[in-house]
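Let's have the full structure, built from the sequences with the hints guiding it.
Number of protein chains: 2
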Amino acid sequence: MKSLFSLSLIALLAVPVCAKPKSKAPAPVQVERWGMYEVAFTAPVPVGTNPFEVPFTATFYGADTLTVAGFYDGGDTWRVRFMPQQEGTWRYETASALSPLDQQQGNFQCIAPSADNHGPVQVDTTGLNFCYADGKQYYPIGTTSYDWMHASSAPEVTSADAGLTMQQQTLRSLSETGFTKIRSLLLPQNFNPNYPEPEQYPFERTADGKWDWTRLNPRYFDHVEECTRGLMQLGIEQDLILFHPYDGGRWGFHAMPIEAGQLLCRYVGARMSSFRNVWWSLANEYDLVKEQPKEAWDAWTDAIIAADPYRHLVSIHSYTAQYYSYWDPRYTHCSIQDQAPVEDFGRAAIVRNIYRKPIVFDEVLYEGDMNVRWGNLSGEEELFRMWMALIAGTYCTHSECYQFGDPSGFRNNFLAVGGKFHGTMWSRTKFLKQILDDMPMPMYLADSSWDPHTSACGPGYYMVYLGKEVMEQWRFDLPLRNGRTPAYPRIQEGDRFKVEIIDTWGMTITEYPTVFEAKKQDGYRMIDAQNRAVRLPERPYLLLRIKQVK
Amino acid sequence: MKSLFSLSLIALLAVPVCAKPKSKAPAPVQVERWGMYEVAFTAPVPVGTNPFEVPFTATFYGADTLTVAGFYDGGDTWRVRFMPQQEGTWRYETASALSPLDQQQGNFQCIAPSADNHGPVQVDTTGLNFCYADGKQYYPIGTTSYDWMHASSAPEVTSADAGLTMQQQTLRSLSETGFTKIRSLLLPQNFNPNYPEPEQYPFERTADGKWDWTRLNPRYFDHVEECTRGLMQLGIEQDLILFHPYDGGRWGFHAMPIEAGQLLCRYVGARMSSFRNVWWSLANEYDLVKEQPKEAWDAWTDAIIAADPYRHLVSIHSYTAQYYSYWDPRYTHCSIQDQAPVEDFGRAAIVRNIYRKPIVFDEVLYEGDMNVRWGNLSGEEELFRMWMALIAGTYCTHSECYQFGDPSGFRNNFLAVGGKFHGTMWSRTKFLKQILDDMPMPMYLADSSWDPHTSACGPGYYMVYLGKEVMEQWRFDLPLRNGRTPAYPRIQEGDRFKVEIIDTWGMTITEYPTVFEAKKQDGYRMIDAQNRAVRLPERPYLLLRIKQVK
Numbered sequence: 001m002k003s004l005f006s007l008s009l010i011a012l013l014a015v016p017v018c019a020k021p022k023s024k025a026p027a028p029v030q031v032e033r034w035g036m037y038e039v040a041f042t043a044p045v046p047v048g049t050n051p052f053e054v055p056f057t058a059t060f061y062g063a064d065t066l067t068v069a070g071f072y073d074g075g076d077t078w079r080v081r082f083m084p085q086q087e088g089t090w091r092y093e094t095a096s097a098l099s100p101l102d103q104q105q106g107n108f109q110c111i112a113p114s115a116d117n118h119g120p121v122q123v124d125t126t127g128l129n130f131c132y133a134d135g136k137q138y139y140p141i142g143t144t145s146y147d148w149m150h151a152s153s154a155p156e157v158t159s160a161d162a163g164l165t166m167q168q169q170t171l172r173s174l175s176e177t178g179f180t181k182i183r184s185l186l187l188p189q190n191f192n193p194n195y196p197e198p199e200q201y202p203f204e205r206t207a208d209g210k211w212d213w214t215r216l217n218p219r220y221f222d223h224v225e226e227c228t229r230g231l232m233q234l235g236i237e238q239d240l241i242l243f244h245p246y247d248g249g250r251w252g253f254h255a256m257p258i259e260a261g262q263l264l265c266r267y268v269g270a271r272m273s274s275f276r277n278v279w280w281s282l283a284n285e286y287d288l289v290k291e292q293p294k295e296a297w298d299a300w301t302d303a304i305i306a307a308d309p310y311r312h313l314v315s316i317h318s319y320t321a322q323y324y325s326y327w328d329p330r331y332t333h334c335s336i337q338d339q340a341p342v343e344d345f346g347r348a349a350i351v352r353n354i355y356r357k358p359i360v361f362d363e364v365l366y367e368g369d370m371n372v373r374w375g376n377l378s379g380e381e382e383l384f385r386m387w388m389a390l391i392a393g394t395y396c397t398h399s400e401c402y403q404f405g406d407p408s409g410f411r412n413n414f415l416a417v418g419g420k421f422h423g424t425m426w427s428r429t430k431f432l433k434q435i436l437d438d439m440p441m442p443m444y445l446a447d448s449s450w451d452p453h454t455s456a457c458g459p460g461y462y463m464v465y466l467g468k469e470v471m472e473q474w475r476f477d478l479p480l481r482n483g484r485t486p487a488y489p490r491i492q493e494g495d496r497f498k499v500e501i502i503d504t505w506g507m508t509i510t511e512y513p514t515v516f517e518a519k520k521q522d523g524y525r526m527i528d529a530q531n532r533a534v535r536l537p538e539r540p541y542l543l544l545r546i547k548q549v550k
Numbered sequence: 001m002k003s004l005f006s007l008s009l010i011a012l013l014a015v016p017v018c019a020k021p022k023s024k025a026p027a028p029v030q031v032e033r034w035g036m037y038e039v040a041f042t043a044p045v046p047v048g049t050n051p052f053e054v055p056f057t058a059t060f061y062g063a064d065t066l067t068v069a070g071f072y073d074g075g076d077t078w079r080v081r082f083m084p085q086q087e088g089t090w091r092y093e094t095a096s097a098l099s100p101l102d103q104q105q106g107n108f109q110c111i112a113p114s115a116d117n118h119g120p121v122q123v124d125t126t127g128l129n130f131c132y133a134d135g136k137q138y139y140p141i142g143t144t145s146y147d148w149m150h151a152s153s154a155p156e157v158t159s160a161d162a163g164l165t166m167q168q169q170t171l172r173s174l175s176e177t178g179f180t181k182i183r184s185l186l187l188p189q190n191f192n193p194n195y196p197e198p199e200q201y202p203f204e205r206t207a208d209g210k211w212d213w214t215r216l217n218p219r220y221f222d223h224v225e226e227c228t229r230g231l232m233q234l235g236i237e238q239d240l241i242l243f244h245p246y247d248g249g250r251w252g253f254h255a256m257p258i259e260a261g262q263l264l265c266r267y268v269g270a271r272m273s274s275f276r277n278v279w280w281s282l283a284n285e286y287d288l289v290k291e292q293p294k295e296a297w298d299a300w301t302d303a304i305i306a307a308d309p310y311r312h313l314v315s316i317h318s319y320t321a322q323y324y325s326y327w328d329p330r331y332t333h334c335s336i337q338d339q340a341p342v343e344d345f346g347r348a349a350i351v352r353n354i355y356r357k358p359i360v361f362d363e364v365l366y367e368g369d370m371n372v373r374w375g376n377l378s379g380e381e382e383l384f385r386m387w388m389a390l391i392a393g394t395y396c397t398h399s400e401c402y403q404f405g406d407p408s409g410f411r412n413n414f415l416a417v418g419g420k421f422h423g424t425m426w427s428r429t430k431f432l433k434q435i436l437d438d439m440p441m442p443m444y445l446a447d448s449s450w451d452p453h454t455s456a457c458g459p460g461y462y463m464v465y466l467g468k469e470v471m472e473q474w475r476f477d478l479p480l481r482n483g484r485t486p487a488y489p490r491i492q493e494g495d496r497f498k499v500e501i502i503d504t505w506g507m508t509i510t511e512y513p514t515v516f517e518a519k520k521q522d523g524y525r526m527i528d529a530q531n532r533a534v535r536l537p538e539r540p541y542l543l544l545r546i547k548q549v550k
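So the sequence lines, in the order shown, correspond to chains A and B.
Using this note's numbering, read the first sequence as starting at 1 and increasing by one per residue.
Using this note's numbering, read the second sequence as starting at 1 and increasing by one per residue.
Just so you know, the hints here were simulated from the structure itself, not pulled from any lab data.
Because the structure is a prediction, the values reported are computed rather than measured.
Treat each hint with caution, since some may be false.
Because identical chains cannot be distinguished in the list, a pair is counted as satisfied if it fits within a single copy or across any two copies.
Unchecked claim - Listed next, the in silico EDC-like pairs over lysine to aspartate or glutamate satisfying Cα-Cα at most 20 Å (straight line): (1) LYS520 <-> ASP495; (2) LYS294 <-> GLU53; (3) LYS550 <-> ASP222; (4) LYS468 <-> GLU343; (5) LYS468 <-> ASP344; (6) LYS136 <-> ASP438; (7) LYS550 <-> GLU517; (8) LYS357 <-> ASP328; (9) LYS294 <-> ASP328; (10) LYS136 <-> GLU32.
Next comes the structure, spelled out in structure tokens:
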């Protein structure tokens, strides 16, 4: 398999994230906090032994103590990976039933993280949003490309510039956006029965050509890891979908025995938990995997959590409006498929108010030109839905399915195989990300169920999203309440504010000259003391950013 | 206390619901199925004994075996009540630490229920709606009057015709409506600190004038039971709110010890579980009872369930948009306060899709003329909200708070004290009820998240609610899907339909002459073969009832 990283584009992005200690190295290996320490061991696999079932762990001693599973990496090679969460010296000792893997020791030095390394994403202290491990707020601006990691560069498929693999093209495309998350299938997708076979499969075959559900193919995972590393270098979270229903009987991975899924989770956990940008998504449309009972999802959820000593984010995703029991404490956030909550004001907050976990609407229909009702939104509509989620303190995931390829043959799109973007919404995401990153705190409706347009984002900092409405003016009018969590002083009479008019589609920010002065209208609202208004450009998709000034 | 039932209005409604067996009666007492069998015993309370803590049960043997708690009813009187759920002979035997209450035996005959007795309401087999125990569908058309059972007939309070108590007036008012449920506070409400003291209190006082949290006042409960019986005779469910925050420190019932609340639940359960029309609502706005920890609500929920051998409906109610964890299996349905889900299309179904339990929006703001933002909806808006819930397969509760009384003194309203209705929505509820009762099955969105206007209500039976939109015509256009549960054949090409135009506010039903013939428009919708439309009266709040014809 051709390396993803042979190209200069990718090479420029690459920074060392793993380091193999040489024996008797004079100085300890250095790994940055939330980087990956990796150590390899050599041990022949005894005849009659399944190397994927050999007990093999390493315990790391540093600021705390953590035991991680090692894994078999093919041939005589075994590896241990570890993501240090604190700086300082870490030493380890292995334990295994296989003596060359037992009682091996070593150490490394964990140093400060580099500038763009903020650690893994987790749920923040509000319980409703995300932050990196270093405390920096993280805003999911997601996209989806199911099979981008596995799509070949066959001419029928490609939407890549000459010389780029589809994976390289996808990474290059993403590098030009503000996306901070992508949903990717771990297992290959049979999105078209005539599509070329993938170069690698996750499982080995038995002599009779069937899948050997007890033996995995390490090279398959090398490739997934390369792709994940490529995302990490772009600051993009890998929302890795472990199982999916899009096999259509071609390979049968959707119908694997529960035990095979557990082995897969253990193996992926051992290999990939040490990637700081990994999230676990148990499935896409789990309920369309008719072959698997509820027990499978419970068993696999348990398996991936047990295999991940760092407790990366975990969720699961259903068919449209088939809301999962996300109140289950194993799921860190909600990964929802439903367009209804983001099609208009006043809806998304209901979902947040019920679950009280971070809400990501991970499918709300797609921008595209497909002849199906889920794949033909305009870019404007897709961006509108993302803002509809954001203004209510929730998040929304994009994808696009503009068809490319031979009109008489294969028709592919970014959602399926990645490659180049062909739509218009993606090019607004850097601007969007900047607006979010500039906020003192995440958005949440200041007066939920009463005012679906106005979010508070910290003391004296408001956002009012006007959506599709085209108004001549917006009368200065803010809620007295600023939400329940977190709490800080409400607007006081006499507080002064300036307003910026942000055209979310046109990507302009215009400061309005007036300084408004707050005055109580009644027990619920603050208006301007002179009842003044902001004159608006007659365009839709405007966002007003309102900041207190001295 | 003056009996509620001294008036002819109420007397006419009265049917025997309890029967006390005479000793050595020649023929067994007859009680209808889901009626109440009651037997009294005499036993002096031994000195130093708290009669509310005396173990006293009766086990009934019939089609099955059920043990119920007896209760102390004051003086030397003790009672056992039982609601037989099957016809046939039932015999019982008591057990008690108090010998006159121990090993008492008797029997009665359970006969068929009378015409208007359908048994207690329960969750139906869809898990999303309600039915009576006899299988008849039950639709909650709710109203709320917190203190109606306790409101005195003092001149400052009353909105009653001369000669009627407030309770009698409230029952008479309800008898003129289609309401099938009322939310009522078990404990008195301090809705105005100058309001007269209630005639009875639920607890006795100690010598120093404080509440004796270990001793209840049976006469208080007699009165609540009379009111509940009055509702039963009108076919109205008593959604009995066990605890509430509206005490304001006047009596301190909101701050009772957890054990007192448990005793209260045990006592209410022993007395009132045998009323077939009782539902348990743990609280109104439980989260505003700042004195009680989460443990109290859990303990009281457990207590009322343990005290109710029939497992009446149980829920709990929070402040606006503070959604409770209704996924807790102890709660049979969701009793929600939030107006947002019923203010526009596309919202209420989200709540149903998440919880997958029957959804009752038990406060969505009120019809009224109050100078607060929660009490000034028009009757049209209140009815609109009820239809907004219904069309999405959920339910919604009315109340009204038009102020009456001396403008310079007490100002009361139906929501607080009952009495007469002063609004306009209530008078549309009989018409509404008839529409619901005529449906073959409960409504649910046929194509949830895609078409928020169209509900399926059984094979070839659709409802399309147009809300506030005033349209010249409605092009015949139905979803191909008919929902996931329950499943029956979809519309086929060539199926023929007639449409009735229902003016939900004007209370007219107009049959439209055209017979429409279904023809596939695409993979999602059926239109008329000739693309015909229904011409509409130019009015809002129209409902189209569409039925297949031969």
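Hint by hint, here is what the structure shows:
| no. | hint | in the structure |
| --- | --- | --- |
| 1 | LYS520 <-> ASP495 | within (11 Å within a copy, 60 Å between copies) |
| 2 | LYS294 <-> GLU53 | neither (25 Å within a copy, 46 Å between copies) |
| 3 | LYS550 <-> ASP222 | neither (55 Å within a copy, 64 Å between copies) |
| 4 | LYS468 <-> GLU343 | both (11 Å within a copy, 19 Å between copies) |
| 5 | LYS468 <-> ASP344 | both (9 Å within a copy, 17 Å between copies) |
| 6 | LYS136 <-> ASP438 | within (12 Å within a copy, 58 Å between copies) |
| 7 | LYS550 <-> GLU517 | within (11 Å within a copy, 68 Å between copies) |
| 8 | LYS357 <-> ASP328 | both (11 Å within a copy, 17 Å between copies) |
| 9 | LYS294 <-> ASP328 | both (14 Å within a copy, 19 Å between copies) |
| 10 | LYS136 <-> GLU32 | within (17 Å within a copy, 67 Å between copies) |
Of the numbered hints given earlier, the model fails hints 2, 3; all others are met.
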